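Residue numbers (the working numbering), protein chains in the order written: chain A, 1345 to 1602; chain B, 640 to 898.
Any given hint could turn out to be false.
So, partial list: chain B residues that the calculated Cβ filter (under 10 Å) puts toward chain A [as the list claims (entries may be wrong)]: (1) M760; (2) Q765; (3) V766; (4) D767; (5) A768; (6) L772; (7) S773; (8) N775; (9) F777; (10) N825; (11) L883; (12) N886; (13) D897.
Label pairs and their computed distance ranges (CB to CB) [stated by the list, open to error]: (14) M1443/A to G868/B: 20 to 26 Å; (15) M1549/A to P674/B: 45 to 51 Å; (16) L660/B to D1557/A: 44 to 50 Å; (17) P674/B to G1571/A: 46 to 52 Å; (18) G868/B to E1488/A: 21 to 27 Å; (19) G868/B to G1476/A: 52 to 58 Å; (20) E1488/A to D897/B: 54 to 60 Å; (21) D1581/A to R683/B: 52 to 58 Å; (22) I888/B to G1417/A: 58 to 64 Å.
These aren't lab readings, by the way, just hints derived from the structure by calculation. Computed from a predicted structure; not experimentally measured. In this text, a Cβ means the ideal position worked out from N, Cα and C, and glycines have one as well.
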Amino acid sequence: MSEPQIKIRMRDVHKRFGAKVVLDGFDLDVRAGESLVVIGGSGVGKSVMLKCILGILSPDSGSITVDGIEVAGAGSTEHEAVNAKIGMLFQGAALFDSMTVVENVAFSVTARHNVGRRAAREIALQKLAMVGLKPDVAERYPSELSGGMKKRAGLARAIAADPEILFFDEPTTGLDPLMGDIINDLIVHCVEETGATALTITHDMHSARKIADRIAMIYNGKIIWIGNVDEIDRAADPYLDQFIHGRTEGPIKMAVRR
Amino acid sequence: MNVFQPIGHVVFAFLAAVGRLAVFTGLALSHAVRPPFYFRIIGRHMLEIGYFSLPVVGMTAIFAGMVIALQSFTGFARFNAEGAIANVVALSITRELAPVLTGLMVSGRIGAAIAAEIGTMRVTEQVDALTTLSTNPFKYLVAPRLIAGLTMLPILVFVADIIGILGGYIVGVYQLGFNPANYLQNTYDFIETLDVVSGLVKAGVFGFIVTLMGCYHGYYSKGGAQGVGQATTNAVVSASILILLFNYILTGIFFAADV
């Protein structure tokens, strides 16, 4: 059996803001075709990790490669080329509120592929149907949508250009449990349908178990545990154990007082 | 030695802000002159800055022209030089009042709107979303607004020149009893190309300042609604101050060229 192909490789990545160290020798491999979920508390560097890969933030040191191409410290042209492979669903969906839903999704298509306006619109409507949004919703503006509909539209925009890699930033945060589960199902469905490599960050364990092939836990700027989703309950790691059972007592000290 | 610490902090913070603005301006300019160009978006901003500012700018200009005619009459009557009013109106409108007042009005109308819009896009991650969609925010958000500001302000000021002089004419003819033909002839004989051109050059610079300040403060806003409010205020205040500063600098340059 050959080694699984690595899609995203992060090695010894450091990032700090002023005195606050966020990523401290961060290593992570995302295998091609898998769905990896990174769990961890609020403010431990999950979002910073994604932003470093996308080039929204640049790491202080270390190496990040996507398909073997180095992106740490790369210029905007290189990042644009790499980002063309990536689709991202933002926590608040981050739909452009000056455009209708269908224009949002079509924007993603025309930014990546050389297709005409009308063809892009057709593709956008298909993708919206894929996430369960009807054509009448397509003509509305994001401010007229509910939270769940925004997430669906954001998902449609993320998958619109058929990316090889999908990022999900807290996909269920801010949704009721039912809608959260619908989004989980949609994510699983979309990842299977497109065959994309998925990297999700969340603190919702229910969502993590549902989406993940593998789970990694981040604490103090490092991955402290990584394994298949079915191993998580048998893992002896006290940090992981505390987090997945949501206990306040244990090795994880929350910085409540400042 | 603790005396120097806060001073050092202020100095470094100031230098950092100047450097950041310089880098921002350089990036914005480099993206403004390189393809791809978003012509539809440039067009939309031109319409917003140029066409929809016309009522505000027109009102400002007509009242400015009327006031100048009245005030200079009061002054010039004291040494029997009432005949120079047409010249004074034309000169002060084209060289000073039209560009400066238009710049200030547009900074309130457009600079604030740009900062609020880009600031909201920043805090709701829409700017980051652009990056993930392989679209450079400088190219898509900043460059079209700079181009629209730079090109539309001179046109607005040219319109303001005409309306301002019309305001002076209305007061001169209907209130102060000048002969209409004489008033127009005086204006036409006296005004020089440099008067109008210097005002239009100022307008281009002011348009750049207003849109740049709006984009800069919006782009670096953080911290939700309060941060966006702060960015909007900063955009208008800094644009207004820079307009007055550059008005003096440009006037100095034209003065030196004139003499």
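Evaluation of the provided hints:
no.	hint	in the structure
1	M760	8 Å, holds
2	Q765	5 Å, holds
3	V766	9 Å, holds
4	D767	5 Å, holds
5	A768	4 Å, holds
6	L772	5 Å, holds
7	S773	5 Å, holds
8	N775	6 Å, holds
9	F777	9 Å, holds
10	N825	49 Å, violated
11	L883	32 Å, violated
12	N886	33 Å, violated
13	D897	44 Å, violated
14	M1443/A to G868/B: 20 to 26 Å	24 Å, holds
15	M1549/A to P674/B: 45 to 51 Å	48 Å, holds
16	L660/B to D1557/A: 44 to 50 Å	46 Å, holds
17	P674/B to G1571/A: 46 to 52 Å	48 Å, holds
18	G868/B to E1488/A: 21 to 27 Å	24 Å, holds
19	G868/B to G1476/A: 52 to 58 Å	37 Å, violated
20	E1488/A to D897/B: 54 to 60 Å	57 Å, holds
21	D1581/A to R683/B: 52 to 58 Å	54 Å, holds
22	I888/B to G1417/A: 58 to 64 Å	39 Å, violated
Violated hints, listed in ascending order, are 10, 11, 12, 13, 19, 22; each of the other numbered hints is respected by the structure.
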